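K.L.:
Respectively, the protein sequence lines represent chains A and B. According to UniProt numbering, the stretch in the first sequence is residues 1 to 567, in order. According to UniProt numbering, the stretch in the second sequence is residues 1 to 386, in order.
Since the hints were derived computationally from the structure, they do not count as laboratory data. Any given hint might turn out to be false.
Okay, the calculated bits of chain B under chain A, using three or more residues with CB under 8 Å as the criterion [as the list claims (entries may be wrong)]:
1) 125-138
2) 376-383
Derived, one-sided and incomplete: chain B residues facing chain A with beta-carbon distance under 8 Å [said to hold, decoys possible]:
3) E46
4) L50
5) L51
6) L53
7) A209
8) L213
9) L218
10) N247
11) Y251
12) P254
13) K258
14) I328
15) N334
16) L343
17) F357
18) R362
None of the values given here were measured: they were computed from a predicted structure. Ideal Cβ positions, reconstructed from N, Cα and C, are used throughout, including at glycine.
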Amino acid sequence: MAIRRLKHTRTHAHACMLQTPLDDFQEELVIRPLHSGDIYASFQFRTVWDADFMGDQKVSHYRLFPKSLGQVITKFSVRELHISFTQGYWRTMQWGQPYLPSPPGAELWVWFQDTVTDVDGTWKELTNVLSGIFCASLNFIDSTNTVQPSASFKPLGIGNVTDHSFLRYATLPREIVCTENLTPWKKLLPCGSKAGLSVLLKSEKLFHSTFHSQAVHVRPVCQDPQCRTTSMELRQTLNVVFDLHTSGQGKREWSLFKMFSRTLTEACPLASSSKVYVDVTDNPQFELSPATPLLTQAVVLGDRRTYSVYDLTQQASFGSSRSLNMLLRWKAADGEMLRPLLHSERYVAGYGLQAGEIHTLIYNHHPYRAFPVLLLSAVPWYLRLYIHTLTVSSKGKDNRPSYIHYQPSKDRERPHLLEMLLQLPPNSVTEVTVEFERALLKWTEYTPDPNHGFYVGSSVISALVPSVVAMDTNSTLDRPLFSSFFPCKEEASYFMRVYTEPLLVNLPTPDFSMPYNVICLTCTVVAVGYGSLYNLLTRTFQVDEPSPGLAKRIANVIRRFRGVPLL
Amino acid sequence: MAAPLALLLIVAVTIRAALFRTSLANLISERVEVVSPLNAWKRVVEGLALLDLDISPYSGDVFHETPMVIYLFHFLMDYAEITFMLADCLTAVALYLAVKDYNKQVFRKQKFALEADRIPMDCLELIRSPTEMYYIPLKVAMFYLLNPFTIVSCVAKCTCGLNNAVIALFILSTMRGGCLIYGLFTVASAGLYTKLDFALLSAIFLALATYHLSVPDLTPNIGLFWYFFAEMFDHFRLFFLCVFQINVFFYTLPLSIKLKEHPVFLIFMQIALIAIFKSYPTVGDLSLYMAFLPVWNHLYRFLRNIFLVSCVLLACSALFPVLWHLWIYAGSANSNFYYAITLLFSVAQILLVSDYFYAFLRREHHLTNGLYLKKKDGSEATLVLK
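Bound conformation, chain A alone (with noise of 0.2 Å):
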């Protein structure tokens, strides 16, 4: 009777409090075998939260999605959140393009609402408060190094925004991701390490690869078709690519063992969806153990591609054994690999301390369709740019961009932002050029270990690539989470973003030595200048009479007091 009516209380205080939002965790994991024989991992942990952050609704209870973010979010008015930290380089043409790429180092941009007055100063706590939460040196982005693009970074989640004040971007490059910046990624899962695809990530298999990036994406999403309620997304991915020769010992014969040193043994729990997908569109002679006969297609990158599924919530995948260590073994393919419609590369050129030249290469590998693409460049203010040496040719020919967004630097205060449309002829390289200077420093801006030079962070290259298959502009029905990422209006061509390669520059170094040599000495000039001057302003020239000796001055002493002509 007590119980009875114990739970009428419970449930009538259920109904009379605000509906408790409604939060679904998904976590996947995609396994693809590149050409050049490494093998490329991704996972994606995805929470959606019914909850209205932009609401008036304080937001309290939270159950899957991590707290620390959720309030970071509500205190800072985030609207969208990307954050990246990555280590190596992406090589675009030996394994083709990522699914989420990233820029090396850490990468930050922020939507921010339009309640925020003080956009600046919110910057700043938040990427204070964010480099608490990941372990990370984020503190070191300041004014120095954040640009505010302006047609580069729209907003991913929904929201039609247009004033680009709400925008801020940074990076940096010289980053070092590892096992400090790991752990606390995987305490927002809401699993944690311990149960589901989170089992795999271990640091001393994760950090021992060609690539690895980790990024955390906060969005707002529609929840239904007409899109009349807005829930928050987050996306935790991890992408990791395993060499052949260092991991792989030179054969192509891949286990999640010999890449994670774990198997997989049971679903997250919490999960409403845990799959793990193996690419097989490439080799038909895949030899994959266990075998599945789940398959499924999916367009991703333009590309149709096929794809063998494990279901983890169902108890057969994991067999007699209660574990799933899949086995993928293949022989080199013939033949090149399918040549990714955009790639850049970006060096810098002269010679000396003095000046150079900037030079970014970008690749239209399409046979006949040209495109737009949008070129951001943030260069640090040390390496002065002079933009009326900016030339951009294609195929040999000038190539006039049709939008210059350019921000000249404010010495130790903001860098330069160039940002560029740029059309792409078919087939063709397209050359950007900019000559710079490079300044002279004070000796305290310099790092401990200046010789080793200053980064120069990726350059961004939007896109919106033409693509053979057609996409699917549908974003609700149930897709793989990988290609759902990047939001696509239409059918005939998909978003993508290609990071060109940071630079390291050298700039020449004052003795560090020498501060208090370099006062004194200085100082020294001045004063000869000073001395000869005053000496001739306030002396006049008189003729040189010779002192009388001591003895005659000790008299004329003795005279002066007596009264006595002197001698």
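The hints should help you fit chain B onto chain A, whose structure is shown.
P.N.:
Chain B in isolation, oriented as in the chain A frame:
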């Protein structure tokens, strides 16, 4: 005198035009001894390019000239070389006329002093004659136009050539005592400035003044500031900035008091001291005060260090590009080498200026007190500064 001057102008223009045609022009316009962040031609072109992109040239930290330069070169971009050659010729002609007037005044004053018997008998060898003074204006123009410093400054299209022209015209108008040129200048500058509204103008001048005074750009040059402030402890930065900037203008008042009867020498001293101690000096600034040296030819007997100073100046001018190359391109020297040469160069210039000052004052002393001075016991005396 017009014919030799015209010939000199033609020779100067020919040399400059020939150098403009060679590849040396590009090489010279990159040299840090010749151009500084304040007056480089590359920056003027950059400012105009920013203006074409609808961005204010003063929004970044690349352009630090006055708006007059932007307006001037907006129209004269294709005739830039001719503009700079014309500026040099204008400077030379202005200095020629100014020195001619000055010589007339000097000779007139000397005549009055002789007639009033104010000059002691043994000083007659210090008296200057018209014949010796006849070629001085031409020598001044020659010293300016054929000075290698001026030639490289013109070929590099450094805007300090324009500054020198303005200063020379100012000196000429001072000598003439005429209001005409003064008036022309004021009208011209006012007319150009009214195009911009006052708020923008004050913002621009504030930005320029801040840039000049706070020395944020540490690009190496032939002056003392860059390395000093590159190696300065942060705590003392403001203090030494104030000290150095005051030092540039500090000597004006004492010099004016001491040289109140010799305004041209005062101008020479002032230009020289500013060229030595300013925040971003270039060789173009030096060439202006070096042009005045023929005017003080008569002081030669009282100069004490002239040989040493000229050797040091020549050696430093030769060593500047060598040590720059070793630091920036070869990587086998470091910044201390280049810094040492700037120190030597500054010391040599200071010695030069103070030497001429000493000689000038000494001649004035002799003109009032006699040339051959004797001590109380009748033996030959030596003059000292006491």
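K.L.:
Could you run down the list of hints and mark each one as holding or not?
P.N.:
Hints, one by one, checked against the model:
| no. | hint | verdict |
| --- | --- | --- |
| 1 | 125-138 | violated (count 0) |
| 2 | 376-383 | holds (count 4) |
| 3 | E46 | holds (5 Å) |
| 4 | L50 | holds (7 Å) |
| 5 | L51 | violated (11 Å) |
| 6 | L53 | holds (6 Å) |
| 7 | A209 | violated (16 Å) |
| 8 | L213 | violated (14 Å) |
| 9 | L218 | holds (5 Å) |
| 10 | N247 | holds (6 Å) |
| 11 | Y251 | holds (6 Å) |
| 12 | P254 | holds (5 Å) |
| 13 | K258 | holds (5 Å) |
| 14 | I328 | holds (5 Å) |
| 15 | N334 | holds (6 Å) |
| 16 | L343 | holds (6 Å) |
| 17 | F357 | holds (5 Å) |
| 18 | R362 | holds (6 Å) |
Hint compliance for this structure: hints 1, 5, 7 and 8 are not met, and every other hint is.
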